[in-house]
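Protein sequence lines correspond, in order, to chains A and B.
Per numbering that gives the first Met the number 0, numbering of the first sequence is gapless, rising by one per residue and ending at 769.
Per numbering that gives the first Met the number 0, numbering of the second sequence is gapless, rising by one per residue and ending at 149.
There could be a bad hint or two in this list.
Distance condition first, Cα-Cα at most 20 Å in a straight line; then the derived SDA-like pairs of lysine to any residue [as the list claims (entries may be wrong)]:
1. A:Lys697 <-> A:Arg326
2. A:Lys229 <-> B:Met111
3. A:Lys687 <-> B:Glu123
Since the hints were derived computationally from the structure, they do not count as laboratory data.
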Amino acid sequence: MNFIDNPRKLRGFEKHIRVEKVSRRSILKGLGVTGGFVLAAPVMSRQALAYETGAGKMPHGVVVDPRVFVSVAPDGIVTIIGHRSEMGTGVRTSLPLIVAEEMEADWSRVKVQQAHGDEVKFGNQDTDGSRSTRHYLIPMRQIGASARTMLEQAAAKRWGVPATEVKAVNHEVVHSASGRKLGFGELAADAAKESVPSIEGLKLKNPKDFRYLGKGQVGIVDLHDITTGKAQYGADVRLSGMKYAVIARPPVTGGKLVKFEPDEALKIPGVEKVMQVRGWPWPSKFQPLGGVAVIARNTGAAIKGRDALKLTWDDGPNGKYDSVAYRKELEEASRKPGLVLRKEGDADAALKGADKVIVGEYYIPHLAHVSMEPPVAVADVKGDKAEIWAPVQSPGGTREDVAKTLGIPEANVTVNVTLLGGGFGRKSKCDFALEAALLSKELGAPVKVQWTREDDIHNGFLHTVSVERIEAGLDKSGKVIAWRHRSVAPSIASTFAAGTVHQAPFEIGMGLVDMPFEIANISCENPEAAAHTRIGWFRSVSNIPRAFAVQSMVGEIAQATGRDQKDMLLELIGSPRIVKPNVKDLWNYGEPQDSYPIDTARLRKVVELVAEKGEWGRKVPKGHGLGIAVHRSFVSYIATIVEVAVDDKGKLTVPRVDTAIDCGTYVNPERIASQIEGAAIMGLSLAKYGEITFKDGKVQQKNFDDFQVVRMDDSPVVTNVYIVPPGPDTPPSGVGEPGVPPFAPALINAIFAATGKRIRSLPIGKQLEA
Amino acid sequence: MIKVKINGQEQSWDGDPDLPLLWFLRDEAGLTGTKYGCGQALCGACTVIVDKEAVRACITSVNDVAGREVTTIEGLHPNGDHPVQKAWRQVNVPQCGFCQAGQIMQAAALLMDNPKPSHDQIREAMSGNICRCGCYQRIENAVHLASTGV
Ligand code: FES
Ligand code: FES
Chain A
0 MNFIDNPRKL RGFEKHIRVE KVSRRSILKG LGVTGGFVLA APVMSRQALA
50 YETGAGKMPH GVVVDPRVFV SVAPDGIVTI IGHRSEMGTG VRTSLPLIVA
100 EEMEADWSRV KVQQAHGDEV KFGNQDTDGS RSTRHYLIPM RQIGASARTM
150 LEQAAAKRWG VPATEVKAVN HEVVHSASGR KLGFGELAAD AAKESVPSIE
200 GLKLKNPKDF RYLGKGQVGI VDLHDITTGK AQYGADVRLS GMKYAVIARP
250 PVTGGKLVKF EPDEALKIPG VEKVMQVRGW PWPSKFQPLG GVAVIARNTG
300 AAIKGRDALK LTWDDGPNGK YDSVAYRKEL EEASRKPGLV LRKEGDADAA
350 LKGADKVIVG EYYIPHLAHV SMEPPVAVAD VKGDKAEIWA PVQSPGGTRE
400 DVAKTLGIPE ANVTVNVTLL GGGFGRKSKC DFALEAALLS KELGAPVKVQ
450 WTREDDIHNG FLHTVSVERI EAGLDKSGKV IAWRHRSVAP SIASTFAAGT
500 VHQAPFEIGM GLVDMPFEIA NISCENPEAA AHTRIGWFRS VSNIPRAFAV
550 QSMVGEIAQA TGRDQKDMLL ELIGSPRIVK PNVKDLWNYG EPQDSYPIDT
600 ARLRKVVELV AEKGEWGRKV PKGHGLGIAV HRSFVSYIAT IVEVAVDDKG
650 KLTVPRVDTA IDCGTYVNPE RIASQIEGAA IMGLSLAKYG EITFKDGKVQ
700 QKNFDDFQVV RMDDSPVVTN VYIVPPGPDT PPSGVGEPGV PPFAPALINA
750 IFAATGKRIR SLPIGKQLEA
Chain B
0 MIKVKINGQE QSWDGDPDLP LLWFLRDEAG LTGTKYGCGQ ALCGACTVIV
50 DKEAVRACIT SVNDVAGREV TTIEGLHPNG DHPVQKAWRQ VNVPQCGFCQ
100 AGQIMQAAAL LMDNPKPSHD QIREAMSGNI CRCGCYQRIE NAVHLASTGV
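Extracted from the complex, chain A is given alone in its bound form (with noise of 0.2 Å):
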């Protein structure tokens, strides 16, 4: 196992970051705060709460101060600060939602500001992990119930009655004994002179009063923005003198130039320079890939410069990575014993006492996000400050990096966060802000890197290839009592450390050693797996391969049993009870058990109630079949069924698609139903088209035309979202990525139902017209 010495390397995969000891009195004083209170990790106290998130683990942790977060204008506008990057999850609302529900404060008069990146101040920033609305719900109704407090004791003290007779109501605070009102706006001067409120003796809301929380009716505070063509993505941002760049990098990884001829994109007109860019070699994290820029007055200019570049490279150690070859080297280690990471029972005896082994393994490529918006980002670096303005998921560790590129102290560099026209993981990594502050130090002039699509294809950071092949052992009367599970791929810790051939915690955690079902003998293992290119998160991770594998097995024990999926679905998963798997130190998404146990009564809920409001078992057309799946991860439950239709000329076709999830307390369900549809479209095109290949170290795919995604006219006709109402106390659990995964396995075990064929390599391509 490799672990990973600095802390800072693997943001957000808290299993190797350690606890930033920022001492409390430092925050505060960075923050130039006195009376307002920051809370470094841990955060919350038992007491305080019903629960306990990882959110005190995350690096900077969780500052709870209206002060920071919360401002009121004499005119009553309340401006909220927004810390998250918005990339489509809807995030930018519901987090400020959340905290005007708290402070009484009416929607229509709130203005939502986003944050730039800065931890020490706002805490944690990283929009990853499906983590926003578990790490944040409490927060910010903290931040909220503080804000209205402070309201409230203000007017108290105005009219000189007791705090406990006054209230906040619809943005303004009422003294109901004597009819007296005073709006937000009137109280915000002396508001801001009480102190704040301690955590402890806060009074919260009870949901029954909630307006907005769990009500759907708000609508993303970007929606006007978006439909006029006024909201400001990373690529929209241009500033005075600002120069265009697009940048020829090394198309095989750890690549390096050679040499370059820029006579002739020097010709093109409206290009103004060519300059080499600094790389790093690889791996090393986010770090640029260098090569040549091309300079010139606009995007459409410098594309063309590049074009009429000759350049020569070194294509290093990776010059050979193949995928066809590399296919059989991971189904090879497959078929041998790997690392082993968890065991219950002997695997081996049961396996070789059983009555009948189903073998199956599962095969899905490097995967390309593709986000709409290509990554871009401008910078305006001058002497030594720095300012960045970017779609990136991390704005406080693109600070960091932007000042250790530069060799800058992070507090000389800001970074804006713009819209993010989709993240998916890819805007996680800082590279292109890196290239961005490069070149605007060197040029000494706002400048603006746009990655083209084909480099978004060429040179991102992709989602791994794998093999998973799994053994189930029945005995006679059908019941599995046997499962091995080997799970080979190339590691995101690569990207990170050389020579790393063994998968993460986070990774491992995703499927493969929290495996839910009711089963005696049980071995996970990991063999080996060197990367030969830079390997990242993909929306859902490691999820993506384990549920297929998983999900797709337990159709194909069904089929070979005789049984209905589902029931053969449910019998696996068990009795409802809390799952302990026997590992070291299980990741469980950064969350303490205790709070986020493997509840086995909810994964059965959500398959059991999909079935009932998706008509498991209908009657459907010849032609036709229906699939299931269900899978837990960021600590969410969701269970999906498919409707397929194939055609005689194996022409594939989705007419119906529903999901069930239980995600706990949630905030806005229609953002969370706007997510789900979403990732079973995502979750086909990964299983109908997805596949980035390599030969001779190089990408073979460019652009849409050879990584297709589903469109409107292949996209499913229907997709219903049923949300698991939430007990009292549930925490909230990831919505954004968690969608993802049940998606491939109901779809393929749906095709088995409709032709007989069991697909069990993705995507699926032409595999159903043979």
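Since the structure of chain A is provided, determine the placement of chain B with the ligands on it from the hints.
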């Protein structure tokens, strides 16, 4: 010197006549509502309306639109209240929103040509516009809503 009317305003360009309209709009004219997603007419993010037709600005040169009338998302309606825009908001279509200007322009062009498109006609006409976030179900519903009156 090329003259082109953009959102009702006369603009001129004396640089490279082959410059894609997309980059002219975004980088030279400062109209950043039109987006870059692929540069190869594969994704529709750059869709604008030229005269009455939806075109991909990434493969249309400034020269190609000389003397013609270009409408971008900024010019679709003075207050952003074109029926398609209103329907988009009513249905809460966008996730990240990056593809949506192109989607809206494509939908507006479709409705000019066919005011009451069927389910299949919507799906076909809109299939040149990729939404990586996967808002298709809502896009379809919003086009339908816009065609039946918001
Ligand atoms: S950018 Fe023009 S179609 Fe994609
Ligand atoms: S809303 Fe994100 S690409 Fe369409």
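Pair hint outcome, Lys687 of chain A versus Glu123 of chain B [Cα-Cα no greater than 20 Å]: holds, 19 Å
Pairwise hint evaluation, Met111 of chain B against Lys229 of chain A, where the allowed Cα distance is 20 Å at most: Outside the cut-off at roughly 24 Å; violated.
Satisfaction of hint between Arg326 of chain A and Lys697 of chain A, Cα-Cα up to 20 Å: With a Cα-Cα distance of about 16 Å, the restraint between Lys697 of chain A and Arg326 of chain A holds, given a limit of 20 Å.
The structure fails hint 2 only (numbered hints given earlier).
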